[in-house]
Structures are given as structure tokens and as C-alpha cells.
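J.: The lines below spell out each chain.
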Amino acid sequence: MASAKGLTGRQKLGWTVVTVLVLLYALFPVAAIFANSFKTQADLGNPAFWPSNWTWENYEMIFVGSAQELFLTALRNSIGITLIATFIAVVLATLCAYAIARMDFPGKKFILGTALAVSIFPVISVVTPLFNLWRTIGLYDTWPGLIIPYLSLTLPISIWTLAAFFRQIPWELEQAAQVDGATQWQAFRKAIVPLAAPGVFTTAIIAFFIAWNDFVYGISLTSTEAARPVPAALAFFTGASQFEEPTGAISAAAIVVTIPVVVLVLLFQRQIVSGLTQGAVKG
Amino acid sequence: MTATAENTPGAEPGGRRDRRKDHSPRKSDRAKAEVRLGWMLAGPAFVVMLAVTAYPIAQAVFDSLWSYRLTAPDERSFIFLDNYLLLFTDPMFWRIFGVTLLITIVTVAVELVLGFGLAIVMHKALKSLRGLLRTSILVPYGIITVVSAFAWYYMFHINSGFVNNWFSWVPGIDSELDWFANFGTAISVIMASEIWKTTPFIALLLLAGLAQVPDELVEAARVDGATRWQQYSRVIIPNMKAAIMVALLFRALDAFRVFDNVFIMTGGDANTEVLALLAYRQSISRLEIGLGSAVSVVLFIAVLLMVFIAIKLFNVDLAAGTDASGGGNKKTGAKKGGGK
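Chains as they are written, first to last, in UniProt numbering: chain A, 1 to 283; chain S, 1 to 340.
A hint or two may mislead.
DSSO-like, lysine-lysine: derived pairs with alpha carbons at most 30 Å apart [claimed, not checked]:
| # | chain 1 | residue 1 | chain 2 | residue 2 |
| --- | --- | --- | --- | --- |
| 1 | A | K12 | S | K124 |
| 2 | S | K241 | A | K109 |
| 3 | A | K109 | S | K312 |
| 4 | S | K312 | A | K190 |
| 5 | S | K241 | S | K127 |
| 6 | S | K32 | S | K127 |
| 7 | A | K190 | A | K109 |
| 8 | S | K124 | A | K108 |
Residues of chain A clear of chain S, computed beta-carbon distances all greater than 12 Å [what the hints assert, rightly or not]:
| # | residue |
| --- | --- |
| 9 | T19 |
| 10 | Y25 |
| 11 | D43 |
| 12 | G80 |
| 13 | W143 |
| 14 | S152 |
| 15 | L173 |
| 16 | K190 |
| 17 | P194 |
| 18 | P198 |
| 19 | F209 |
| 20 | S220 |
| 21 | V257 |
| 22 | V261 |
One-sided and incomplete, this derived list gives chain A residues near chain S with beta-carbon spacing under 10 Å [unchecked claim]:
| # | residue |
| --- | --- |
| 23 | W15 |
| 24 | V126 |
| 25 | I148 |
| 26 | L264 |
These are computed hints drawn from the structure, not numbers from a lab.
All residues carry an ideal CB built from backbone N, CA and C; glycine is no exception.
Take these sequences, add in the hints, and give me the full structure.
T.: This is the structure we're talking about:
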């Protein structure tokens, strides 16, 4: 309501304080682990926040040093598995959400209900049977062995986000296209896809975050570097000797896997928030 | 159904169009094609969802009725409900259940307050600040829970952490305090990490709710002399009740499954074990598939129960999430009122 010019000095001060508080809240723990990742082994035993002298040795350890094997393969697994799971979920969810938002057919409510039930499903409840089944049919410790269960995380939220999003699209456009002689599919592709694309894209980011975040499946359904994703691998880091804590290496690895999150957030902050709040086609 | 049919012609001036549609001879063909296309589009997602959850949970229910250890598969025997009996008569199980419930209640309560504050800040912020605020808020939202767990763990760690040093002036905190050796302190750090990571999610859902409150309503209340507190308590919050309840329920269900933070920080030591961790340790670490499945099923039923209570007692309309237009909420409300 108020414009920047209309702010009084006190309001300006208030907003500065609020902004600093929010920034502190959001970034402080990240800053703490960032600082850790640049500390030397000796420095890590020292209760100061920032390193006394900055070093790259932790990053060297995970990229070219002793933890390379563990970290780089895990990073490759995480990226590959997460991207594939996100892609499959978004494609399936787009088709499904379109049908739900747009069409009238029996079982529609049931599909939405199923999506809801799956999204509240405790992951740990299906881990035990999957663990057993995967071992029997040879999916244990493989990429598909994680991609398939990841769909249980990414599909429901994708369907719900997209269905909500699709309901806000001005569908008169589609009807107009159909009146002009387009088939339903053509109308969908020409009139709706350009409007829906931001929603699909936003959904993909959210699905990516969720799959990227997984720990339960990652630690339960893998046993080697063949498929173990980064969050699970972090729990297996060991220090250079048995008396050394792997704090530095874990911190460095944690920062590396946080970079994609920060990049996505910086680039698509507006889309993510608007996707979750009002949809991109608010009138 | 009937209520809707009765209401539509009166409520909508477009009754003429509806009638034409109803009597159109092409309707049944089109409707059939729509059903077919609808299921063709929605079917694959539906099947995949069932395959990755319904089948495994059915298997878990089945496995939970057996004494079944992977290291001794030949000794598998049917024991019916003995696994559950074993759990429910074990005080340790109830302690673990209690800890899980405690984490759920405390984190969701704190997150609701914090999240509402953040939502208001994001909602009210000027354009120039909005981007910065939202970007920073999304960092914890997107960060990996395990990373958050390590960040908080190292902050409070007795050797590498700085918290003991910074807060040594607080009674009870000194360089000798091992946060992860005692239940109270350990659970606090676990909850802090949980709250930090998931408050943005609640804040964003509440922001969505705030955005749906019509500005005219608030403006009218303001003109009528409502104080800022009254604007919130009488106009804004009642109008976003649906968003609040959905945020609350989703987070409560999520918090009840807490695993990552506990696994990383204490591994269940200092009595901080939670249900998900118990299931993991029985199944994956000890290969006790029968008992592990029983814990999994109990966790699942507890979650179902929470949903049931929310829907029955608090009338949470989870479907409101897809019905994002303001009119949708009003319609549901009217329908409910009319029905009872």
C-alpha cells in the first residue's frame, strides 16, 4: 500500500531491523557451516565462528583427496537420480493435474485423494518392504531402486501444486480456441501450455528440492557408492584418522550440495513463491 | 450433488447456457470421450502412486504379523499380533512415541507463530525488499535437512561449536556443556534445526492464505476504526482459517515422521529416539523385518489418525488446497452450513 517515498524515518528503521532479523534467521546456520568448511583441522577445535586462517583443504579432500571417491560418486548419484525422478514426476503430474482441473470423469476425486494420502505417507513405513523386495529383485543399491520410491515423494505434491495452479488459469481461452475449431489437445497446447509452463517449471523446482532432500530412502535402500546419494553419504564420512572428526569434509560437502539450492532460489525466487501463493496468471 | 443442481440456475445468470449444454445431443459422446481422455491422462500417475505406496504398505502389514528376521529366513513363523503386543507392552516404545509427539507439538506450535510473522513480513514488505526477504526465506526451505542437522550439530558441538563460548554468560552454559548428552538440551537442538528448516514452508502456505484475504475487507475494517490487532484477529485470521489448518496439518504429519535430524545429531542417544528411527533400526540395522514392519504400520496408523481427527474435529478441508479461488472457500462453507 505504502510506497517507498511515503515511508517515515521510523518505518524505514523498522523495516531495516526486520530485514536484518530475517536475514540472520535464514542465513546464520548456513554461514556457520560455511565458516566450518574453510577451517583447518586444528581450527575446528577452536570455538571461534570464523576460521583464523582460511583454507581450501576441506574442499581439496572431497574433490581430489581421500574423500573424493565417497563424495564425487555420491554427488553424481544425487544429481542423476534427483533429476530423473523430478522429470518423471512432473511429466506424469502435468497430465494428471490437467485432467483433474479441466475434465469431468468418475474417479477424479479418488485420484486427488490418493495423491493426498501418498503425500502424508510416512516414508519409513514403506522402506522396510521395499528394502526386502529390492533385495529380492535386484533393485537394491541401484539408481532405479531410488528413482521409483522418489516418485512417492515427488508425484503427489506435483499433482496438487499443478492442479491448484491449473484451476487458476483462465480456461475461457481454451474454450475460445475450441470455438475457433481447435481440438481439445490443440487448444491445450496452443492456449494453455504457455500459461501453464511457469507452473510446471515451479513444480519441477519444488519436486527437485524434495527429492534432493531425501535421506530415509537414500540411507535405507543403498549400501555402496553405486547409488548412495549425498545426504546418505554425509553420514558415512570419516576423518583422516580415527581420532579425527570429519567435520571439515562434511561441512565442505554440505556447502557444495547447498549451492544448487541457493542458485535455484536466487534465480527463481519469484516463481517459487508465486507458484506457492497465487499462480502466475493472477488477473 | 442435488444441492448444487438446485443452486446453480438461481445463483448464476448463465442458466441459459447450462440448459443448452444439458439438452445438447452431443453431450454424451463428448462426456464419454472426456472420461476416456481423463483417465488416459491421469491414469499413469495414479498407478505409479499406488505401486510405490499401497503395495509396500500392504506388504508391511503382512510382514508385521510374522516373526521374521532376514538373517534367519527359515525360522519365519506366523505370530499374528505378537509384534504389536511386544511394542505396546514395552515402556521404551511409549517413551519413543512420547518423544515423537513432543517434537511434533512443540515444533508445529513454534513454527506456526514464527511462520505467521514471516508471512506478514513478506506480505507487507515493499517491492524493493520483497525479493531479498523471499530469497533468504527460501534458503532454509530448499536446504537439505541433513545439512541443516550438521549445521546445528556443529554449532552446539562441545569441541567445534561456538555456542558454549558465545553464551557462557547464560547460567547453565559453559565450555563443559555437552548438548547432546542430555535429553532436554539434545531435543532442543534437534527441534531448533527442525523449526529452522521447515518454518519457511508454513510461512509460504500462510502467505498464500494472506494473499487470498480481500484487501477491501481489511480496508473496510480499518475505515470502521478497527485497530491493527482487531484487523488480524477479526478479519484476516478468520478469512485464512483454511490455509492455517492445512499448513498446520501438513506440518504436523511431516514432523511426526522426523528422522534426519535425530539420526545425524544423536542417533537416538540421550533418549531422543523417535518412531521413524526405531523402525529404521529394527528393519535396516537389525534386519528384524517383522518387528520393523510393525513399527512402520503403527507410525502409518498414527498419521492416519491425525488426519482423521483433523478432518472430523476441526473440519479441515484438505481439498481447499486445489480450490485456490476465494469463492471456493465460501462455496464449501455454504454447502456445509446448508447440509447440517
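J.: Next, verify each hint and record whether it holds.
T.: Against the structure, the hints:
no.	hint	in the structure
1	A:K12 with S:K124	13 Å, holds
2	S:K241 with A:K109	23 Å, holds
3	A:K109 with S:K312	19 Å, holds
4	S:K312 with A:K190	43 Å, violated
5	S:K241 with S:K127	26 Å, holds
6	S:K32 with S:K127	49 Å, violated
7	A:K190 with A:K109	27 Å, holds
8	S:K124 with A:K108	38 Å, violated
9	T19	6 Å, violated
10	Y25	8 Å, violated
11	D43	9 Å, violated
12	G80	16 Å, holds
13	W143	15 Å, holds
14	S152	4 Å, violated
15	L173	17 Å, holds
16	K190	17 Å, holds
17	P194	19 Å, holds
18	P198	15 Å, holds
19	F209	5 Å, violated
20	S220	5 Å, violated
21	V257	6 Å, violated
22	V261	4 Å, violated
23	W15	6 Å, holds
24	V126	4 Å, holds
25	I148	6 Å, holds
26	L264	7 Å, holds
The structure shown violates the earlier hints numbered 4, 6, 8, 9, 10, 11, 14, 19, 20, 21, 22.
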